[in-house]
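So the sequences go chain by chain: A and B. Residue 390 in my numbering sits at position 9 of the first sequence, with consecutive numbering throughout. Residue 140 in my numbering sits at position 141 of the second sequence, with consecutive numbering throughout.
Simulated from the structure, these hints should not be mistaken for laboratory data. Just to be clear, a hint being listed does not mean it is correct.
One side only, chain A facing chain B, incomplete, derived with CB under 10 Å [to be verified]:
(1) I389
(2) P417
(3) F451
(4) L465
(5) L480
Where is the CB? At the ideal position from N, CA and C, for every residue including glycine.
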Amino acid sequence: MLAEYFPILLFILVGLAIGVAPMLLGRLLGPNRPDPEKLSPYECGFEAFEDARMKFDVRYYLVAILFILFDLEIAFLFPWAVALNDIGMAGFLAMMLFLGILVVGFAYEWAKGALEWE
Amino acid sequence: MDLRLALIDTAWTLAGIVAIVVPLFVAVAYLTLWERKLIGWIQIRIGPNRVGPLGLLQPIADGVKLLFKEIILPTNASKGLFVLAPIMMLMPALAAWAVIPFAPELVLADINAGLLYVLALTSFGVYGVIIAGWASNSKYAFLGAMRSAAQMVSYELAMGFALVVVLMVSGSLNLSDIVAQQGRGRFADMGLTFLSWNWLPLLPMLVVYFVSGVAETNRAPFDVVEGESEIVAGHMIEYSGMSFALFFLAEYMNMILISALTAILFFGGWQAPVSSALFDAVPPFLWLLAKMFVIVSMFLWIRATFPRYRYDQIMRLGWKVFIPLTLVWIAVIGLWMQTPWSLWQ
Numbered sequence: 382m383l384a385e386y387f388p389i390l391l392f393i394l395v396g397l398a399i400g401v402a403p404m405l406l407g408r409l410l411g412p413n414r415p416d417p418e419k420l421s422p423y424e425c426g427f428e429a430f431e432d433a434r435m436k437f438d439v440r441y442y443l444v445a446i447l448f449i450l451f452d453l454e455i456a457f458l459f460p461w462a463v464a465l466n467d468i469g470m471a472g473f474l475a476m477m478l479f480l481g482i483l484v485v486g487f488a489y490e491w492a493k494g495a496l497e498w499e
Numbered sequence: 000m001d002l003r004l005a006l007i008d009t010a011w012t013l014a015g016i017v018a019i020v021v022p023l024f025v026a027v028a029y030l031t032l033w034e035r036k037l038i039g040w041i042q043i044r045i046g047p048n049r050v051g052p053l054g055l056l057q058p059i060a061d062g063v064k065l066l067f068k069e070i071i072l073p074t075n076a077s078k079g080l081f082v083l084a085p086i087m088m089l090m091p092a093l094a095a096w097a098v099i100p101f102a103p104e105l106v107l108a109d110i111n112a113g114l115l116y117v118l119a120l121t122s123f124g125v126y127g128v129i130i131a132g133w134a135s136n137s138k139y140a141f142l143g144a145m146r147s148a149a150q151m152v153s154y155e156l157a158m159g160f161a162l163v164v165v166l167m168v169s170g171s172l173n174l175s176d177i178v179a180q181q182g183r184g185r186f187a188d189m190g191l192t193f194l195s196w197n198w199l200p201l202l203p204m205l206v207v208y209f210v211s212g213v214a215e216t217n218r219a220p221f222d223v224v225e226g227e228s229e230i231v232a233g234h235m236i237e238y239s240g241m242s243f244a245l246f247f248l249a250e251y252m253n254m255i256l257i258s259a260l261t262a263i264l265f266f267g268g269w270q271a272p273v274s275s276a277l278f279d280a281v282p283p284f285l286w287l288l289a290k291m292f293v294i295v296s297m298f299l300w301i302r303a304t305f306p307r308y309r310y311d312q313i314m315r316l317g318w319k320v321f322i323p324l325t326l327v328w329i330a331v332i333g334l335w336m337q338t339p340w341s342l343w344q
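Let the sequences and hints guide you as you build the complete structure.
Printed below as a string of structure tokens:
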């Protein structure tokens, strides 16, 4: 059972190696002549002003929080979807009830303008 | 199992991985050429034709050039994370291929949680983007990473819901089973296999899945993340040489991966469209390849055709159109499966 997952582990390791190798090769084969101007952050030729890690719009947080809610919902839906042919009408209605509650929440956040990006 | 057997087993698995990775790299290289050629033709230009016959050596020339470029480590950057980010992009783009079935029985890891694994790994890509944007400590990179995080996360939801519908009709998370299931049904018995594939009853989900796939890979018209005319290159701006090449490779690998998944989930994977002596003689693997080629060319066609969306339009499409649509379709298909007219007994 667990042995089936061994190729995946191996593939992930190979993937990491294939990621690291070009970086090392590029470092070895490419030139390395740093100077302060070259290593400064790119800002269309201007001197960089203030910190790049600035304040940003709170809506990005909002999207992240909404994403967590809905992604959990998808995680709940996966096992249900696989078993749907066996659990029949009762299983279908139970999930519709659950989805219905979530849709109420979705409609509320929509009405509150949480999805607006003017 | 003694040590010798285990070693032989590992060697075979490694050989399988090489047999996937090497053609994949060739495919990525020539996809870049095909993209430039196709978009050239669409715009009545010739496209690259200087390096080698018909420009066929162009991708190799590009690769060699990138290899000999300096890798810049900006002074302000968080060095460790800065180097880690491209690797974090490439690793999941590669490792997801472990569960893709290329033909009946021809799959590296035939696991039952295949689709879950693919979903997990494709969502992993967003870490690479965020880490790159944060570690670069540059304004453009930071803005690009913020946009991309919100966009990828939004479209992942629509994608996840579309996958749930596919799961409902397939009753399995195993990608080989999902393909096999599409070869059954009334039309398949009549020899018209292509009418039994998922694309027909799940047409809205196919559209949602494919468009979300374009958005997930940050391709035009959803490329505000890179947006070369406003934030230059977004999260990739401070990267150069091979560290940039890894981002580039990951993006194209993800495009090919989305094409493969679209073919497997909606267009019957390796199955021939019509069952006839001539079509059945073609190796199943070639059918999958042909479907992938058509779908990946769609990515390029879309890029050549549509202007870039505004950010608010992208978020509106994801949250206000796709998510409600997928929720409705879950209910419709769920109800359909409870009726005597269900196609998926």
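These are the hints, each one checked on the structure:
Nearest Cβ of chain B to the Cβ of A:I389: about 5 Å, under the 10 Å cut. The hint holds. A cut of 10 Å between beta carbons decides the hint on A:P417: the least distance to chain B is about 7 Å, and the hint holds. The closest approach between the C-beta of A:F451 and any C-beta of chain B is roughly 5 Å, which is under the 10 Å cut-off, so the hint is satisfied. The criterion of a C-beta within 10 Å of any C-beta in chain B is met by A:L465, whose closest approach is roughly 5 Å, and the hint holds.
Checking A:L480 against chain B: minimum C-beta separation of about 7 Å stays under 10 Å; hint holds.
In terms of the numbered hints stated before, the structure departs from none.
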